[in-house]
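A.B. asks: Each chain, letter by letter, is given below.
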Amino acid sequence: MDYLLLLLVFPLIGSLACLLNHKAAKQTAFISSLITLAYAVVLLTKFVPDASRQFVVDYPWISQFGIHFKAGIDGISMIMVLLTTGLIPLIILSSFKRTFNYSSALYALVLFMQFGLLIVFTALDGFLFYVGWEIALIPIYFICAIWGGADRIRVNMKFFIYTFAGSLFMLLGIIFLHLQTPGNSYDIGAFYALNLDAASQAWLFWCFFIAFAIKMPIFPFHTWQPDTYTTAPTMGTMLLAGIMLKMGIYGVIRWLIPIVPIGFMEWKELAIILSIIGIVYASIIAFKQKEIKRLVAYSSIAHVGLIAAGIFAWNAEGVQGAMIQMLNHGINVIGLFFAMDIIIDRLNTQDSSQMGGIAKVAPKFAIALLIIILGTVALPLTNGFIGEFLLLNAVYQYQIWFAAVAGLTIIFGAVYMLRMYKHVMQGELNELTSKFKDIKGSEILVMGIICTLIIIIGVYPKPILNISAAAVNTLIAQVNNKLAF
Amino acid sequence: MNSLIVISILAIVVLYLGLFKAKNAVLPVTIFGLVAALVLSIMEWNSGASPIYSGMMLFDNFAVAFSSLTIVSTILILLLSKNYFEKISENVAEYYTIILFALAGILVMVSYHNMAMLFVGLEIMSVSLYILAGIKKRDFASNEAALKYFLMGAFSTGFLLFGIALIYGASHSFDLDVIKQYVIDRPTGIDPMFYVGIVLMIVGLSFKIGAAPFHFWTPDVYEGSPTLITAFMSTVVKTAGFAAFLRLFSICFAPLAEDFWMPTLLVITILTLFIGNITALYQTNFKRMLAYSSISHAGYMLFAIVALGATSTNSVFVYAAAYSIASIIAFGVLILVKEQTGGENFDNFNGLGRKNPFLAFVLTISMLSLAGIPLTAGFIGKFFMFSTALAQYHIWLIVFAIINAVIGIFYYFKVIVAMYFKDTERKELTSTSYYKLVLSVSAIITIILGIYPSLITDLF
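Chains as they are written, first to last, in my numbering: chain W, 9 to 493; chain R, 52 to 511.
Mixed in with the good hints, there may be bad ones.
Claimed, not checked - Quick list of in silico lysine-lysine cross-link-like pairs, DSSO-like style, CA-CA up to 27 Å:
#1 K31(W) / K473(R)
#2 K34(W) / K473(R)
#3 K406(R) / K31(W)
#4 K296(W) / K368(W)
#5 K138(R) / K74(R)
#6 K138(R) / K187(R)
#7 K188(R) / K133(R)
#8 K133(R) / K34(W)
#9 K298(W) / K490(W)
#10 K368(W) / K443(W)
#11 K138(R) / K389(R)
#12 K445(W) / K34(W)
#13 K187(R) / K166(W)
#14 K368(W) / K276(W)
Stated by the list, open to error - If you want a taste of the chain W side facing chain R, the calculated C-beta under 8 Å gives, among others:
#15 I146
#16 L180
#17 L389
#18 F393
Rather than coming from a laboratory, the hints here were simulated on the basis of the structure. Note that CB positions come from ideal geometry on N, CA and C, so glycine has one too.
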């Protein structure tokens, strides 16, 4: 029985169902995503947290090039599958109070994107990985460009061109690797087994790195990001920040470092430095932002920069920290963008200087936003803490000064997030904000789930760390073995 | 061979149908005849053919595959012609006849085994096309197209013929096998005349496939000709040109690749890619954009000849199939848009997503396929080309190709942007059932080949 195949097929069916049932597309999409989530949880219960790949499906696809439809789940993929299947229902639920033109197409695209994302996170074949990578890109382009705000055509064209260019270089790398394999194969195992010379590894590193760095994004490949996040509809922003950028991080862990370890070692320092420049740069810009959605966008660059730095340090703490932080960042950033969406929708402005005192009229909203912000700034006992602690620890093991800069910047991050909270939620009410209505119905549900997750994971992160621990340790040992030769 | 005979007879039958005023029978008879030819062609698959008529023709699998592809494309294009030619002229039968004659020439071009047959096939096709380009007798642009095409075409044929003559001078034969043997027998000391012959043949064939720097006729001819004829020229004719090119180089000149013609062709390929793409970027006219983009697609297809190897035939076949089908969709939608909005510019596509979601959707698939996005046949074509080129370590060529693929996104997405993100206050846009049939069949083929390309890639 191909358990995994069902997981991939559910979103596709859901997507079609949304198109057919366009009177209640919202509900159809929500139910479909819940079924997928339930199925992912079933898989989780059957999942044995060791280093092996489970639920593997393997069908010949394009025999001439030895391409297989091969997918499977190990601990690393499991976290990503949980992230994707868990966040999509929240994202759909968060849109329940909005009405969209052509909503059936919108929800169909969201679920189609989920299909692509799940392929990316489970693929064990280079060609399949690339195909999933692009399948995830097309729907998000249309979501952002059709339902987005002003200037969306230009902004999204830039976004598409950036990511498409990056992924084509990755395709070049994948085909080149395939040609080096002895048995005409695109299998990830065959890629891992290759022993390429240092020169090829060095340029292959860049083929993959550019694709992943654009997706994450790492400085200086980030310029598409703030504009795209700001003009996209909130659902699009959530999909981009919550899930899609993790494709890049996952790619680094699965497809970049283990395949070209020598190339990676050669450029390791540069990669970490770029990540840390990204943290500092994004934090400084975020500090200056008056537009709240943009502020969150830049703070997201900073947090992702830390995840990237932790991975590039390449030790067990770093990768484990990255795994759990990907999940947490997904939850927190969705919460933040949802809160920003509620504020912007009700006040009809982005400018934080026109706001104030919302906490007085909307206490529930104020508490929820506070918990999310505390999670984002990584206060102990919230979910952000364990991840950022592990990540900083990893960078510290690599280079104490890098850790100092990164760590101080993260603290600095707390300043601008809390300052934003102060400007928006506290202080005196004004004419605009006094009419602010507190959250209710589905909004409370979404906020409640997010806050609960933030606290539960913050207090007891061990089960999640356990899922990926064995897989991460094996992967690191594998790479170190290869480097030892 | 049988399919060639059927098509030749069919052309004459259709001409007589026109003569006896049986206008309504023309299209059904043509389609029926072509389907019969297609079946006969496919039946010759794997028949282990050897050269026939004193080595003039060879109906091997290569010939069968490309004949079938060109016949299928022609059928799809002719299905779109219902009520199209009637608007241009009263003598509808002559269109079908000339197109069928062109197709007969094309079948010769993909199955020749002798340089003389290459020339004969090429000329049968070209002369038919000169007439087709100028068939709107009172239209200035059409006349210009025909004259340009004729002058340029005649020149290139001259080059080609001179090349053939020089090669004959060196090897004393027109037969492909003999020429191949001539090259193999002389690792050194091939007559210099032979090399000059190859260069002249490259020039002649590059004219026919519209590769830079011999591409100048393409945009004007494509724009001036009736749209359906343009569709025929940019799909069927281009496919045939590549098949002829590939057949010649893979059989005869393969051993000389590294030492001699590969660098030349590499330069032509890179020029073709960039010139086609960058010029396409600045077009506001959709038809002209397609013309320039067809130049850049010729560039991608040249990869297979530059990096001649085991997968070359397969790559050209897959790419040509994907490109032809996607182009047929694009031209088909263009015809409807032109008829009902009166223009061919990108602006005329504004709001199509709202006015006719079906047309907008199939055109989106076509554009995504031409741009090479996964799950469409166009991606598989590009993937095959990239693989073929990388197998010969042409890494820089692929880097150029990537830059061009990214440029391509700009102009293909212009249409998508116009259709979905821009509004217009025009009325509904309707399409007939024939169009719906052809467009949806083409779109489905595009997606099926994109998801499961093994259907056609395992052939060779």
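A.B. asks: Check each numbered hint from earlier against the structure, then list the numbers of those it violates in ascending order.
C.D. replies: 8, 9, 13, 14, 17, 18
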